[in-house]
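Residue strings, one per chain:
There are 2 protein chains.
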Amino acid sequence: MHSYEQLRRFSEQVFLQMGCPPDHAALAAEVLLSADLRGIDSHGVARLSGYVRLWEAGRINATPNIQVVHETPSTGVIDGDGGLGLVVGPKAMQLAIEKSRQVGSGWVSVRHSNHFGIAGWHAMQALQHDMIGMAMTNASPLVAPTFAIERLLGTNPIAVAIPAGEQPPFVADMATTTAANGKLEILQRKGEPAPVGWLQDKEGHSTTDPQGVAKGGALLPLGGDREHGSHKGYCLGAVVDIFSAVLSGANYGPWVPPFVSFLSPPANPVGQGIGHFFGAMRVDAFRPAEEFKRHMDQWIVTFRSAKTADPTQRVLIPGDPERESERIRSEQGIELLPPVEKDLQQLGDKFGINL
Amino acid sequence: MHSYEQLRRFSEQVFLQMGCPPDHAALAAEVLLSADLRGIDSHGVARLSGYVRLWEAGRINATPNIQVVHETPSTGVIDGDGGLGLVVGPKAMQLAIEKSRQVGSGWVSVRHSNHFGIAGWHAMQALQHDMIGMAMTNASPLVAPTFAIERLLGTNPIAVAIPAGEQPPFVADMATTTAANGKLEILQRKGEPAPVGWLQDKEGHSTTDPQGVAKGGALLPLGGDREHGSHKGYCLGAVVDIFSAVLSGANYGPWVPPFVSFLSPPANPVGQGIGHFFGAMRVDAFRPAEEFKRHMDQWIVTFRSAKTADPTQRVLIPGDPERESERIRSEQGIELLPPVEKDLQQLGDKFGINL
Numbered sequence: 001m002h003s004y005e006q007l008r009r010f011s012e013q014v015f016l017q018m019g020c021p022p023d024h025a026a027l028a029a030e031v032l033l034s035a036d037l038r039g040i041d042s043h044g045v046a047r048l049s050g051y052v053r054l055w056e057a058g059r060i061n062a063t064p065n066i067q068v069v070h071e072t073p074s075t076g077v078i079d080g081d082g083g084l085g086l087v088v089g090p091k092a093m094q095l096a097i098e099k100s101r102q103v104g105s106g107w108v109s110v111r112h113s114n115h116f117g118i119a120g121w122h123a124m125q126a127l128q129h130d131m132i133g134m135a136m137t138n139a140s141p142l143v144a145p146t147f148a149i150e151r152l153l154g155t156n157p158i159a160v161a162i163p164a165g166e167q168p169p170f171v172a173d174m175a176t177t178t179a180a181n182g183k184l185e186i187l188q189r190k191g192e193p194a195p196v197g198w199l200q201d202k203e204g205h206s207t208t209d210p211q212g213v214a215k216g217g218a219l220l221p222l223g224g225d226r227e228h229g230s231h232k233g234y235c236l237g238a239v240v241d242i243f244s245a246v247l248s249g250a251n252y253g254p255w256v257p258p259f260v261s262f263l264s265p266p267a268n269p270v271g272q273g274i275g276h277f278f279g280a281m282r283v284d285a286f287r288p289a290e291e292f293k294r295h296m297d298q299w300i301v302t303f304r305s306a307k308t309a310d311p312t313q314r315v316l317i318p319g320d321p322e323r324e325s326e327r328i329r330s331e332q333g334i335e336l337l338p339p340v341e342k343d344l345q346q347l348g349d350k351f352g353i354n355l
Numbered sequence: 001m002h003s004y005e006q007l008r009r010f011s012e013q014v015f016l017q018m019g020c021p022p023d024h025a026a027l028a029a030e031v032l033l034s035a036d037l038r039g040i041d042s043h044g045v046a047r048l049s050g051y052v053r054l055w056e057a058g059r060i061n062a063t064p065n066i067q068v069v070h071e072t073p074s075t076g077v078i079d080g081d082g083g084l085g086l087v088v089g090p091k092a093m094q095l096a097i098e099k100s101r102q103v104g105s106g107w108v109s110v111r112h113s114n115h116f117g118i119a120g121w122h123a124m125q126a127l128q129h130d131m132i133g134m135a136m137t138n139a140s141p142l143v144a145p146t147f148a149i150e151r152l153l154g155t156n157p158i159a160v161a162i163p164a165g166e167q168p169p170f171v172a173d174m175a176t177t178t179a180a181n182g183k184l185e186i187l188q189r190k191g192e193p194a195p196v197g198w199l200q201d202k203e204g205h206s207t208t209d210p211q212g213v214a215k216g217g218a219l220l221p222l223g224g225d226r227e228h229g230s231h232k233g234y235c236l237g238a239v240v241d242i243f244s245a246v247l248s249g250a251n252y253g254p255w256v257p258p259f260v261s262f263l264s265p266p267a268n269p270v271g272q273g274i275g276h277f278f279g280a281m282r283v284d285a286f287r288p289a290e291e292f293k294r295h296m297d298q299w300i301v302t303f304r305s306a307k308t309a310d311p312t313q314r315v316l317i318p319g320d321p322e323r324e325s326e327r328i329r330s331e332q333g334i335e336l337l338p339p340v341e342k343d344l345q346q347l348g349d350k351f352g353i354n355l
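Residue numbers (full-length UniProt numbering), protein chains in the order written: chain A, 1 to 355; chain B, 1 to 355.
What you were told as hints is all true, and nothing was included just to trick you.
Which copy is meant is left open, because identical chains are indistinguishable; a pair holds if it fits in one copy or across any two.
No farther apart than 20 Å at their CA atoms in a straight line, the calculated lysine to any residue pairs in the SDA-like style are these:
| id | residue 1 | residue 2 |
| --- | --- | --- |
| 1 | Lys183 | Asp225 |
| 2 | Lys342 | Gln17 |
| 3 | Lys190 | Glu227 |
| 4 | Lys190 | Asp209 |
| 5 | Lys307 | Ser206 |
| 6 | Lys190 | Asp41 |
| 7 | Lys293 | Ser305 |
| 8 | Lys183 | Arg226 |
| 9 | Lys342 | Ile186 |
| 10 | Lys183 | Thr208 |
| 11 | Lys293 | Val69 |
| 12 | Lys307 | Phe147 |
| 13 | Lys342 | Gly182 |
| 14 | Lys202 | Ala306 |
| 15 | Lys307 | Asp320 |
These are computed hints drawn from the structure, not numbers from a lab. Since the structure is predicted, the reported quantities are computational estimates derived from the model, not experimental observations.
Start from the sequences and build out the full structure, keeping to the hints where you can.
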């Protein structure tokens with residue numbers, strides 16, 4: 001068990017050792033750790049050594065020159081110069097927020113970036129400004145579009161954060177697949193079968209083998225199969241890919257570079273790095289903020305108090321499970337799985353940092 | 001069998017008989033008929049008598065004063081004054097397009113409107129301007145959020161239209177439920193069971209009874225159940241509801257008024273009418289349009305040529321089935337189901353119009 005602060009400081013020091021400037025290292029550690037705090041263990045310190053290996057392979061630039069390469073009053077494109085997505089993402093979201101302040105909304109597409117942690121963190125940056133925040137990113141291809149047996153899309157998450165008044169904010173953060181890859185990794189560790197509708201084998205048949213993707217299969221778009229709307233999950237993943245990469249000039253579809261250093265990026269790239277897309281809309285660009293928040297409170301209370309089939313269950317508001325995790329882990333600390341613990345120890349040894 | 005032009009003119013005359021100004025009647029007929037042309041029969045002339053009955057019940061205003069009630073350079077709110085969504089929607093989308101021309105993007109939330117036909121038509125208005133278009137709307141509550149047995153959301157569709165170069169555009173238009181209500185109506189007419197994951201009965205148990213919703217059950221969010229990601233479909237439907245109604249001041253959640261005249265709108269409304277949300281983003285507000293379109297072409301060709309499990313099937317690009325329907329029906333005409341044919345005959349008799 002480690003405290004949040006202990007893991008945050010460790011990560012910050014690792015980023016410093018990679019040569020990140022101090023403000024970048026602190027920001028990257030904060031974004032990375034927000035995943036552990038919010039219970040999305042697959043996207044937190046468990047990935048720290050992955051960033052290090054990509055940096056060692058020359059595929060992450062620790063001192064990027066992050067630039068706005070094109071803009072209008074409400075839109076912009078940022079070139080991340082191969083930097084950590086954990087740093088490039090927040091800069092791009094800040095630009096969206098600034099534009100929203102100026103003209104009501106701001107929309108920023110990003111190229112030449114890297115894994116940006118959890119999408120929810122970025123979207124939530126808008127909340128403190130009474131803005132609605134949005135964040136999406138493309139990712140290494142693991143997902144087969146409906147009918148296909150090739151992997152052409154990433155799990156391409158969408159996050160939307162909406163402020164409320166007395167109620168906590170609405171924070172949706174979802175992969176556009178039936179199940180996120182992290183959920184599958186849990187089943188792999190336990191050796192348990194995956195539910196039907198999560199993945200297919202390399203011939204395109206439904207499989208419950210949690211190793212199915214590693215064996216040449218694919219994750220399935222939200223919906224699972226055509227009859228259950230997988231073409232809609234495919235549409236959503238495609239929109240994320242296009243907004244993040246075709247708008248910005250990043251790699252899209254099968255050209256998105258893998259997050260792991262042992263796989264080479266595809267030859268003949270169609271763009272630079274991976275892509276993200278951020279949005280911010282000032283609530284009072286539509287109606288007075290207090291009025292909006294009062295109605296959001298009513299929306300939330302209405303949904304939360306809906307009758308349920310099982311009286312021990314409640315209808316959740318998007319963000320509820322993550323808030324509960326954050327409450328518990330801020331107080332009690334963060335328990336790491338043994339392989340993650342070992343991974344961090346090795347990183348500590350390499351850089352001479354105590355965990 | 002009727003030609004497109006025959007049905008369009010008939011609908012236009014019905015709207016004129018309702019007292020719509022000529023430009024509104026022509027526009028409403030065009031938007032309505034785009035559904036029949038594109039093969040979404042549930043949203044076309046089959047609904048014409050429904051609009052008439054709502055007008056007779058005093059719930060549609062044929063001569064609305066459609067007003068921009070609030071705006072910033074990139075956002076706006078429109079009050080539809082109880083007009084046809086088929087007219088209010090296009091006016092709002094035009095405002096989004098105009099703002100996009102000025103400052104790169106435009107986002108318009110609409111209150112006090114009514115059913116706006118197919119979301120795809122509205123999103124596609126952006127294409128001719130080399131813009132990405134978006135349209136969404138809330139709708140009468142038929143959908144239970146994950147775990148709930150109450151109907152709190154509509155099928156709340158999302159449409160995204162993205163221009164390409166030599167390839168046809170990408171046009172996604174999807175209900176945020178596993179299956180749209182129109183698909184269920186087809187099974188009801190045929191007396192066939194619905195697939196598991198489409199709906200639940202009034203106790204919240206999975207059912208295949210296509211009359212399940214009429215018997216107090218509910219449609220299920222995209223995903224079907226928690227294990228298959230229904231909380232994500234619920235998130236998407238919720239975002240549509242909030243963007244369309246909480247931002248604008250329309251009714252949301254269980255307060256959205258029903259489209260049918262024989263059901264009264266809920267007492268104590270929380271807003272006015274139903275809500276929509278529209279967006280437009282100029283492609284060249286991000287990168288040169290020709291460059292974007294060239295990459296969209298490559299995206300489309302890559303996905304369309306992906307290997308499939310069944311060699312007789314191809315990976316579809318969103319919009320393909322509707323384009324195929326439009327091609328066939330423009331040439332061969334539109335076949336109406338007998339009850340729809342009868343419905344239109346009765347409308348014709350009422351207003352003295354020949355079908």
